[in-house]
Every structure is written in structure tokens, then in C-alpha cells.
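> Please model the entire structure based on the sequences and the hints provided.
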Amino acid sequence: MDHLIPLGRRHNATRSNASQPFHMPSESELSTLISMHISSMNTASSPGFDTITPAFIKCACKRVPRHQGRGMENVNVLTPHIMSFFQLLMKNARIPESWKEAKLTPIHKKGPLTSPQNYRMIAVSATMYRLYANVLRSIIQDWCGHHNKIPDTQFGFFEDAAHYSLYLFCAT
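Once you know that position 39 of the sequence shown is 42 in the numbering used here, the rest is easy, because the numbers rise by one and skip nothing.
To be clear, the hints were calculated from the coordinates, so they are not data collected in a lab.
Owing to the predicted nature of the structure, the values given are computational and were not obtained by experimental measurement.
Using N, Cα and C, we set each Cβ at its ideal position, and we do this for glycine too.
None of the hints are false.
For each label pair, taking beta carbons as the anchor points, the in silico distance ranges come out as:
1) Q157 / G114: 31 to 39 Å
2) G72 / K113: 49 to 57 Å
3) A47 / S101: 20 to 28 Å
4) M75 / E100: 38 to 46 Å
5) L91 / T156: 31 to 39 Å
6) A63 / A105: 22 to 30 Å
7) P109 / V78: 37 to 45 Å
8) N95 / N45: 23 to 31 Å
9) H111 / G72: 46 to 54 Å
10) T46 / I110: 19 to 27 Å
11) N95 / D53: 14 to 22 Å
12) L116 / V67: 50 to 58 Å
13) V80 / G114: 43 to 51 Å
In silico BS3-like links for lysine-lysine, alpha-carbon gap of 30 Å or less:
14) K94 / K61
15) K61 / K106
16) K106 / K94
17) K103 / K152
18) K61 / K103
19) K94 / K152
Encoded structure:
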């Protein structure tokens with residue numbers, strides 16, 4: 004079995020039983036992360052039952068002088084309030100009950116419109132829930148990446164792990 008190679012980041016590493024504690028990000032880190040996710044929101048997305056549109060959150064900006072340098076910059080006025088809300092949710096490890104509901108929308112695939120088998124369902128969650136889930140995913144994914152908790156054979160967890168890596172894995 005000379006042709007087999009060990010896979011994963013930790014295949015030769017000595018595994019430590021010492022746990023790496025998880026620390027919540029600081030206010031500035033969380034604010035930056037929320038701002039990043041707000042700026043990448045798709046304004047054409049449908050709102051859930053909360054009726055908060057992504058465009059409302061994304062476009063709630065005011066122009067202020069730059070902290071460093073000359074000129075003006077856009078600052079989202081909702082970010083500090085969203086950050087406080089998300090900190091409360093993370094501290095209590097709970098989400099609002101209304102976030103556990105989603106709008107189901109049938110999307111026609113192909114074939115006769117009168118046949119239910121020709122539809123797939125799309126679940127549209129609340130806008131704030133989608134933002135919270137994306138922020139939380141980023142926090143957890145960063146921690147896992149920093150502490151080598153996800154092996155590099157899990158291609159779907161990393162943006163830079165393209166199909167090329169999967170091809171190399173399958174070809175060996």
C-alpha cells in the first residue's frame with residue numbers, strides 16, 4: 004500500500020487534549036464583521052416574515068468624515084444596534100421564536116404546471132436571522148480554521164479550497 008498518502012492537516016500532528024477555549028469577538032471585531040456581512044447582502048432578496056428588507060439594512064447609511072485621512076465615508080447607522088442585539092442573542096444562546104419560521108415558496112422546475120411533483124420549495128428565512136446566521140458562521144469558521152478543527156479534506160468549508168483541490172484529491 005505504498006500509494007496511499009495520509010490526508011488532512013493534522014495527520015502527523017500530535018493531538019493535544021488541551022481544549023482551545025472559544026472567546027466571543029470584541030465589539031470592534033463584531034462590528035467590523037457585521038458591517039462586512041451587511042455590505043455583502045443582496046438587496047434583491049425577499050424578506051421573511053419579519054418584513055425587513057435587505058435593502059433597508061444595507062442602505063441605512065449616513066456620510067461622516069473619515070477617521071483617518073480626508074474626505075467622507077458611508078457608515079451604516081444600524082450596525083451598532085444590530086451588534087448589541089446579536090451580542091445579547093449570543094450571550095443568551097437563544098434566537099427569537101419568530102426566526103424559527105420561514106416562508107415556503109414553490110418554484111416550478113419543468114413539466115405541467117398542474118403537477119405538484121414539478122415544483123421545488125424554497126424556504127425564505129427572516130432577513131435578520133440570515134444576517135445573524137452568516138455572522139455566527141463566520142465567527143465559528145474563523146475559530147475552527149485558527150485551531151485546525153476542520154481537516155483540509157472538507158473542501159466545502161473553505162472559500163479558497165476550489166475544485167482544483169478536489170480534483171487533486173480524487174486523482175491520487
